[in-house]
Amino acid sequence: MEVLTYDIVIVGAGITGLRAAVECSRSARVAVISKTHPMRAQSVMATSINAAFREGDTWEAHMFDTVKGGDYLGDQSAVEVLCREGAEVTLELEKFGVMYTRDKAGRYADKPSGSGGQNYARLIFAADKTGSFILRSLFSQCLRQEVDLFDEWVVTRLILDGRQRAVGVTVFDLVAGDMKFVRGKAVVFCTGGCGQVYGRSTNALNTTGDGMVISFRAGAVLKDMEFIQFHPTSLYQTNILMSEACRTSGGYLINGDGERFMGKYAPQKYELATRDIVARGIQTEINEGRGIGGQEFVYLDLRHLGAEKIMKYLPKNRELAIRFAGVDMIKECIPIQPAQHYSMGGIKTDVDGRTGLEGFFAAGECACVSVQGANRLGGNSLQETVVFGRRVGRTALEWCRQVGYPDVSEGELLAEEKRLREICTRDNGGESSFALKKELGQVMIQKVGIFRDQKGLEEALEKIKVLQERSRRVGIIQKSMLYNNELVEILELENMLTLAEIITLGALRRKESRGSHYRTDYPDRDDVNWLKHTLAFSDGDGICFDYEPVTITRFQPSERSY
Amino acid sequence: MQWYTFRVQRFHPESDYQPREVQYEVELQEDASVLEGLHFIRQHHDPSLAYRYACRSAVCGSCAVRVNGEIRLACRTKMWELKTQIVTVKPLPTLSVIKDLVVDLKPFWDAYKKIQPWLISAEGKRQKEILITEKTSKIIEKFITCILCAGCYAGCLVTRRERCYLGPQAMQEAYRFLCDPRDEASEQRLKMLDSDSGLWGCDALFRCVDVCPWDLKPAESIFSMRRMVTVDRLKRAFSWGRSKYASSAQMKSI
Amino acid sequence: MISSRLNQKNAGIRPWVESARGLGVWAWFFQRVTGVGLVFYLGLHIFVIHFASAGGRIRFDEVMARLESPFFISLDLVLLAVVLYHGLNGLRIVLLDFGVGVKNQAALFWVLGGIGIILFGIGVKALWPFLAVAKTI
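Protein chains in written order, with this note's numbering: chain A, 1 to 562; chain B, 1 to 254; chain C, 1 to 137.
For the record, the hints were derived by calculation from the structure and aren't laboratory data. Cβ coordinates follow ideal geometry from the N, Cα and C atoms, glycine included. Treat the hints loosely; a few may be bogus.
As the list claims (entries may be wrong) - With a cut-off of at most 20 Å between alpha-carbon atoms, the simulated SDA-like pairs for lysine to any residue come out as follows:
1. B:K114 <-> A:D151
2. B:K128 <-> A:E332
3. A:K479 <-> B:K78
4. B:K142 <-> B:C179
5. A:K316 <-> A:E332
6. B:K78 <-> A:D151
Stated by the list, open to error - Only some residues are given here: those of chain B computed to face chain A with a beta carbon under 7 Å:
7. S57
8. K99
9. K114
10. I120
11. A122
12. E134
13. E141
14. F143
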């Protein structure tokens, strides 16, 4: 097995990974490994970023919105870091080439209002391609700093030495068709979310939560995994995202009776309530038969905005709606339904990205510093990626300076290679990974989706167990490892099934409703028993759970209404 | 639902000497995309078919292929717009095939890197935003719409002929930095592009304009830069070098 | 790793021709064809002028007779079309280099095409006496 040695190995080349690479590559040898090319990362979808820097806005105000939006589950010490550093880091991106949209005065343009749940219009944006622009600028910056970018390398395992220190990752190189070991003093995971666990998701098709599961298997702790955000507005059937800008620009949600129904669920903010509340509102309408024509969608009405405003704020969304749903938002309503969008939980880290395993760091969506709490606000994810991407880069660099290269036992690497090669020799056992993935997606969306209850969750768990059993019989046609996409699919499926189990178990245990986690059998928030984080970790063969208190510094939990 | 015939070019470097065309019957909705057709093949006929995909909503640029001869994003091409039941899918031309529809984009990324697609400026730290006109920010936003799908690079007939030609995307990217008032290296950038592998390599075939899925016009950027260089040459020829490239970069209007 | 053999699989003339479509490509193609044609014509022209009257003095009647032959007239018409195409398309490229009409390159092509047709008409008018003579013969 070929061995490559770097100071820092970053896995995942989204905005977080590249931001970390930019931070540490000036004084260390850095490798960035990713499943796809960096410019194809999920980050390209993001449309705007929060930064509290305009007059009249303060980081404290942003912090309050974030904490309240997250239903007081966010660790406030971490949220403080996010909101304090947010503005600076966002402005710093301009140095790398990002150019945010300007207004007539030459300053950053405003949106009509903040994203759902925010009391101040603090979003800044580069048209509606902010994520793409930031990613591209960081990618170029990495090219400039000669970072080694390896794309189409699928990480299969995080390797630890005898003292539980991370020493590198084994990867399957699709293009070369072989296994490699990338050794590093520090391993940083920025692998993103797990959208495809759900049948309906706005995420890219390869967002399968690999990083979370790989670190879970290696012994890292997963935190708050049951909190899965559903985005209220995704196109019916294709589940392509209509970004939050549709609501912040003033869009209405209309049910089958022609009623603007959000007033029932958020009497003050209407459509501008947080995503979890709006998504629940839409789903309630659909479940109670008030979808359009009784079907599983409602309308997003933007016609009253007029062509000019739509072209100014929503050009990409309009284009997507025309392309993928065949409706022009200037003249028609868009059929939308909620779909999985973001995972608030992830690998447990502190504010500097340390995970508890030595030499192993994480940041971004795959990590849970717990800034998003139980529900994320629009614009906060981009901010999290850059703030904690930078921080994790610094931490890794500092760690690298203190330690030497670890020793690696050859046996473990060979065992991993053998495991993959064995998958390749599997004969057809009658199961297909597509069918299993589809079944998993359906179960998750129906039983572990926006509304959850004891019975449904137990059924889901049973089904997941069955699927796990069946997944061992998935066959593989290609015996060669060269660009063996089937192998990748099997690895992804295994990861998703493990993750589904963790999510479901966490949801089953949490007997309250908080933010995005809504139990119909426990519809109220229970601060006495459940103001705590769920921790999931592996004890070798099973999933263990523990809990940890929430850090509260400035804002005491109070009732959340919009 | 409707049945379509997909003719997909397959190639496995270990077992094939020549690419071969394989035919598959695919059942799809009329408003389904070609990408969904490829997924169908993988689910029902042959799971080993390799192609790139990610976002499925035309923003990541992974899935550029040739559909019925035209370079398109598979996820964005709907069955009804093809107006035929027979769909041939081939990998992007010009680039070498890794497997089936997956091509090696290295030359494309190399060209992208060669034009130094980063801001060259002596800016220090700032607490407030730099003031930039609305017009300039609009211009830059247009260039960022490019999703780097490599369609124009592969479709350009010059890149095929001359390996060192930078290609339309890279030059458009260079022009984006010429339009950026924060960038201080216009002269250096134009100097680098003023060569046969850069600006003067373009044969004015306008393939890049035809091919671009987001209707950007890389050729316009190339010709705008040619104009800058040409005008500058003429000025220097007649007034003994009074002007420099930088002054002809008329975008610098903050 | 990927062998260099692979590089040739997707190259070569066939994919080139397959992906060669659109106005710009045809304009480019005919520019080359007409260019090569003009080189041949020049050779022919020098040859004819040099040897046609070899050994004697050029006589008006002889030249006229040659110019009035249908073969020469059709050759003249083709020459006119070829020169016009080559020249005007060359002008188009020069204009493009100065940034003129880049945004509407297709329109530019057809406008120049129109001018070409008008000029061709004028050329035909100039050749008309010869055509008339040729017809009467």
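Status of the hints after comparison with the structure:
{"no.": "1", "hint": "B:K114 <-> A:D151", "verdict": "holds (19 Å)"}
{"no.": "2", "hint": "B:K128 <-> A:E332", "verdict": "violated (40 Å)"}
{"no.": "3", "hint": "A:K479 <-> B:K78", "verdict": "violated (33 Å)"}
{"no.": "4", "hint": "B:K142 <-> B:C179", "verdict": "holds (11 Å)"}
{"no.": "5", "hint": "A:K316 <-> A:E332", "verdict": "holds (16 Å)"}
{"no.": "6", "hint": "B:K78 <-> A:D151", "verdict": "violated (29 Å)"}
{"no.": "7", "hint": "S57", "verdict": "holds (4 Å)"}
{"no.": "8", "hint": "K99", "verdict": "holds (4 Å)"}
{"no.": "9", "hint": "K114", "verdict": "violated (10 Å)"}
{"no.": "10", "hint": "I120", "verdict": "violated (9 Å)"}
{"no.": "11", "hint": "A122", "verdict": "violated (11 Å)"}
{"no.": "12", "hint": "E134", "verdict": "holds (5 Å)"}
{"no.": "13", "hint": "E141", "verdict": "holds (4 Å)"}
{"no.": "14", "hint": "F143", "verdict": "violated (10 Å)"}
Violated hints, in rising order: 2, 3, 6, 9, 10, 11, 14; the structure is consistent with all others.
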